[in-house]
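Enquirer: Read top to bottom, the protein sequences are chains A and B.
Residue numbering for the first sequence is 1 to 382, as defined by the numbering used here.
Residue numbering for the second sequence is 383 to 791, as defined by the numbering used here.
Hints were generated in silico from the structure; no laboratory data involved.
Hints are not guaranteed to be accurate.
Stated by the list, open to error - Below, a list of computed lysine to any residue pairs in the SDA-like style, where the Cα atoms sit at most 25 Å apart:
1) B:Lys-669 to A:Gly-64
2) B:Lys-777 to B:Glu-754
3) B:Lys-669 to A:Gln-381
4) B:Lys-722 to A:Leu-332
5) A:Lys-115 to A:Thr-177
6) B:Lys-722 to B:Lys-527
7) A:Lys-265 to B:Val-779
8) B:Lys-658 to B:Asn-745
9) B:Lys-567 to B:Arg-532
10) B:Lys-722 to A:Asp-374
11) B:Lys-701 to A:Asp-14
12) B:Lys-722 to B:Ile-763
13) B:Lys-777 to A:Arg-267
14) A:Lys-357 to A:His-162
15) B:Lys-658 to A:Asp-374
16) B:Lys-658 to A:Gln-381
17) A:Lys-265 to B:Lys-658
18) B:Lys-669 to A:Ser-230
19) A:Lys-265 to B:Asn-745
20) B:Lys-662 to B:Glu-754
21) B:Lys-669 to A:Ser-196
Listed here are the chains, written in short residue letters.
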Amino acid sequence: MGLVLTQEQQLLRDAAKNFCTQHAPVSVLRHLRDSADSVGYDQALWQQMVELGWPGMAISETFGGFDFGYSGLGIVLEECGRTLLSSPLIASVLLGAAAINRLGTSAQKKELLPKIVSGELILAFAHDEGPVHRPGTIATTANRQAEHYVLEGRKCFVLDGHMAQKILVVARTSGATDELCGRSVFVIHADQSGVSVHRTQMVDSRNCANVVLKNVVVGQESQLGGAEISPQDLDLVLDTARIGLSAEMLGSALEVFERTVDYLKQREQFGVLIGSFQALQHRAAIMYSELELCRSAVLAALAALDDPQRSANDIARLASISKAKLSETAELVSNEGVQMHGGIGMTDEFDIGFFLKRARVAQQFLGDASFHRDRYATLNQF
Amino acid sequence: MSALQSFRETAREWLEVNCPPSMRTPMVQDEIVWGGRQAQFKNPDSKLWLQRMAAKGWTCPTWPSDYGGGGLSVDQAMVLGQEMARIGARPALTSFGVSMLGPVLLQYGNDQQKAEHIPKIVRGEIRWCQGYSEPGSGSDLASLKTRAERQGDHYLINGSKVWTSYADKADWIFCLVRTDLDVPKHSGISFILFDMASEGITTRPIQLISGSSPFCETFFDNVRVPVSNLVGQLNDGWTIAKRLLQHERTMISGFGLADSQADRGGTTSVLASPEKAAMKYRGDREKLSDPVLRDHIARFKIDSEAFSLTSHRAVEESKQAQGPNTTSSMLKYYGCELNKRRYELLLQAIGSQSLGWEGEGFNDDELRIAREWLRSKANSIEGGTAEVQLNIVAKRVLGLPDILSLLNK
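Isolated chain B, as found in the complex (with noise of 0.2 Å):
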């Protein structure tokens, strides 16, 4: 028997004691555990299973084990991936610590940054939001202005954020901050991490076009943070936040995947495919009665089954060149187009049945598709516009001339 396969056999037994039943249904969206100081489990064996898993390390698989992490090489976390896959395990932990900044604290930190901050979001102690995006800097986020300024041991912060995903719930933030103003806008950026306990700060949540959202603004006065709380070199914050950003990418493109639906706390029901839905209102039994409508359909699925391989492919690609490659960016343009369509057809699958607000005449799951359909018009601006990521494709992958530096000459 070889290495991987009694791997996956004590995997799979360990799996089999230690996931509780009700961890193998499908995710519901308030059940989803984010961890941190406040961390809520509707459901009690929610908190077993991470305590489980964050004690097998598994929660971050291929994380170093010095840290906590499970230290599996990429084969063994894929087979431990699979039998979790098998049994229709629940994520134990959601968080943007171990999706977004875990990876980068492991190559950019220092050994007190990473033994300070890397077990606490295996275990999801601590729940991250990232601090990026200001009011005047989207797309060209390197124009941020949020300013850093040093004072003996501490840097003093002040400045605001936007579109700060959790910050109302969020215990540390990763924050981008502008630590010289005299160079050229992309070498006077510094990463720094920092509680969001501190004094100083305030958050206010955003109303979207969908309804509530986790989005906040969030305001730094005058907030102290310890000068060892930068991560790598001063100055040098822009090449950690790219490199976030390739991992975001990764995890958003996700959305495009129909398998990773469910683990969005997406719709599981009958509605999550157009074709079924389409027939269901209009009575179909056989055959879509729509001919337009089922060649859109037909597209859209064949797109979608062509992007999942491709997918798979990227990961069987990226084993060799660790970590997310360039394709991140088609991954992250392609996939947030297929969800956006996705829920384009599903209101024309469903007609006016889908257009509802809330209140009487519409099921739950209808409404749902509502909010849903206008929440899926941010996938292709947040992480990065449809348009910067074609941008990078140009440049980085095609190797097309860059008319910005054109512009800039």
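One chain only, chain A, in its complex shape (with noise of 0.2 Å):
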């Protein structure tokens, strides 16, 4: 079933942990940060990501990828969250290239997937319009206009969206803004006529942007799969982004919970080891519990992307199950990352509250717990 990691995994993940850990600690996003970097990421980091084969981990050879699957994608993406390496992977590999992988033509996934995969073509994913994850309700349209679409509408939380070359955006085509059909993904170019992306500012440093579409007129082929896409198609694309996305912020949990063990055992007060106090053993000792649960929920949640035999509705319950876990994880264990190592965790010289940050942002990001339960409660009709 995929719980346990087959040997090429392991030595994917010894990878994967070495260059993280040697080349991109988590000081490359501090000094991202404090040199208010315009891109939001190391470049010539990301040249070596892609050397490494990263880009192309989950998308088949036919195109130009590796064929490790979406468990090798979740090691690598489990690995950077440990350090909390900004790179395109979450926007451009795990959403775009995920997005045309599922809903593209023949002839789109020949043009683009071969282009994201050799690094030479970064992608975002314009997707919510509001400050909470809706997927239900979109008001952005595209009107049919003869041989063209016209989009219109407003987009916030574009991940990376000041960076990519092009914008993967869900719009309408037909019926109402709350209707899940006439839903339908347009590929535009970041900087064509009627496009304004503005960067923001978010406490992560990752940093997103808001877009906004006024009278943007693209051609009948840059619709992906060249139709309208079904609620399922739709939902199976951001499924595989917020399992990936779980992979990532189960390495960042794990991190400071690591950290945070290790403090415990360090720090002294009253004359003996803090760790020693079982007011905070049996915090840390639940936070472990709940971290194997988010391991195995994250791991049964790759596999099932990566059998043919799993229906789209097994993977749905998988993502949500494994989203709403490390989303609520994520929150205990990055607040008691601070809490436990007291007044220096409030410091922005140590980097706990990096992890706090970006825990937080990453909870908000394609549906927070409280989103997930919900979901899993429908999808299991009650």
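With the hints as a guide, dock the two chains, each given alone in a separate frame, to form the complex.
Expert: The following block contains the structure:
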């Protein structure tokens, strides 16, 4: 069932861990923030990640990828989460490539996927239109006019939107704002007429963008799959990203937890190590238990993405289990991380705060715990 | 065809022929087969099923065939389990000999002890009980005071045990006794086996908040036990005791698994799931009308699914490590908390109708929920409290310093 890593996957994890700890420690993100870097990630580092084959991990060999599956990409994302590595992996590879892979025509896949693998194309996925993830509600419209579509609307919290050359826009080609049917995905150029992109500075220093679309004219060939997409297919794209994001969150949460337990073994008060206090021990043991459950959920969900036998409904349930569980546990562990470190945990000089900030942004992205519990209940018919 | 695949086909065929139809229905509480000298078979098929399974050694599939076990590999045993689950076969035998004593006796017992006791466990001929807790020794089990004094070729045992499940029905007991008073508490304990029919043993059942219970108080008054019944080294019983507790925790943590509810004679009706119960008692059709309860149930079910995946992962991981590993404490802690949450949610789902004690106005399921809810409170006490499990995780898994050893310095 994919609950234990194969030897090949263990080698991949070791390689990813080495790369992240040696070349991309948390200090890299700190530097990007302090230097107000206009890109938001280290481009040389990204080039190295491309050379390691990470963007092509879950893409088939037909399109230049390496067929290592989402289980492989998940292992990489977990290690990236441990050092808070900022890169286009989530926006461009997890969301962008998954959308093209699941929804695109073979011509679109042939054109776009190899460029994602080679790192020359960076994508963003413009979905949300408000501060809370509500995939059922899309007000952005794409009206058919002769041979073209005209896009109008506002998108917000578009991850890496300020950096992407192309943006995948979810827009309504028919139906009312809150209808599940009638949605399409268009590939637009970030610099084309009518598109304005405004970068937002977020607490996690990873940064999103608001994207305003005014009279944006695109050809029919830019509609992914050449048709409206079914609600199930769009869910599958979002679920793929939710599961991958959960893997990244697992890495971050494990890292905070391990750093915190280490601190409990070093810090002395009242003449003893504070880790000998039962009040702290039990909270640590509970966090450990929750993290073990998180790991199982993420491993099972990643394996389901790679298993052609699993239904979309199975994947949806596992995605919501993972994202709900990881969102709750990320909140618990990041808060306890600060609390158990005491005063030093509140200082900017110390890294724990970076994990707290990233945790909250990741919790909100693609649905928080409450969203996914509601969705899980609906999927289970209660 | 792989060897495992051919084993699957053999097992499937054998089960098809040998598992009686009535043994393919969900287990009911009073038909659980515990075996023993006074074994009762309310359903005659249960006896047939036990005899057939025991003849194959499949009541204890992975135990060595030299002692009557199935001699199967872990993989084969999993296949057998899958094939039994496929036809909904009941466990042929439920016993503390199988789940607790057997594994440690195979590890620590001598040849003579294994030859005498293991085959009888496999065949369900002897029913065992566990002499661990004492009135003054609960979480601090190692402080136990029941004495075993050497007198020639016998030990003379005096003291009392408590929470001895089914002591009034068991044939033999595996018991922790103090054999040295002059050394630190963990170093003076021995692990000994004796016949409950011995002179000087009395048992008294304990009434719980949930009503009658299998628990007993057990008293030993100059009980004579042959020296050869001591397992492992004299005064090294704590090592065996801890190993056995890991097996016990693994068993109890299973209570948190939804798919094992039927195994322990739990509810199999619509009331088994809080969401179905909640909708039924509110007359809801498509969606549970109480949004807060709906959210709590969703959280519970998500945790249950993640826990179930974790239990499966632990099985996969322990294949390499042989036997339960350090995660048994975490699973015991979490599984028991989940089971308690489940019953609290069932009470909320069913409302006052779940709080009847007996008599008119309540159906059997409702009355059972009330008793099971009360009984579930013991899940996080028996087999090591939740707090003890968290201590073990903190110390053994996370490597945090032990406050008790600091205090005793």
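Enquirer: Each hint: holds or not?
Expert: Results of checking the hints against the structure:
1. B:Lys-669 to A:Gly-64: The hint is violated at about 46 Å.
2. B:Lys-777 to B:Glu-754: Judged against 25 Å, a Cα distance of about 33 Å means the pair is violated.
3. B:Lys-669 to A:Gln-381: 7 Å, holds
4. B:Lys-722 to A:Leu-332: 22 Å, holds
5. A:Lys-115 to A:Thr-177: Violated, at about 33 Å.
6. B:Lys-722 to B:Lys-527: Violated. Lys-722 of chain B to Lys-527 of chain B sits at ~32 Å, over the 25 Å cutoff.
7. A:Lys-265 to B:Val-779: Within the cut-off at roughly 13 Å; holds.
8. B:Lys-658 to B:Asn-745: 17 Å, holds
9. B:Lys-567 to B:Arg-532: Since the Cα atoms of Lys-567 of chain B and Arg-532 of chain B sit roughly 18 Å apart, the hinted pair holds (cutoff 25 Å).
10. B:Lys-722 to A:Asp-374: Judged against 25 Å, a Cα distance of about 23 Å means the pair holds.
11. B:Lys-701 to A:Asp-14: 23 Å, holds
12. B:Lys-722 to B:Ile-763: This hinted pair holds, its Cα atoms lying about 12 Å apart.
13. B:Lys-777 to A:Arg-267: Holds, because 17 Å separates the two Cα atoms, which is no more than 25 Å.
14. A:Lys-357 to A:His-162: 20 Å, holds
15. B:Lys-658 to A:Asp-374: With Cα atoms ~16 Å apart, Lys-658 of chain B and Asp-374 of chain A stay inside 25 Å; holds.
16. B:Lys-658 to A:Gln-381: 9 Å, holds
17. A:Lys-265 to B:Lys-658: Given that 25 Å is the threshold and the Cα spacing comes to 47 Å, the pair is violated.
18. B:Lys-669 to A:Ser-230: Holds, at roughly 24 Å.
19. A:Lys-265 to B:Asn-745: 55 Å, violated
20. B:Lys-662 to B:Glu-754: 20 Å, holds
21. B:Lys-669 to A:Ser-196: 42 Å, violated
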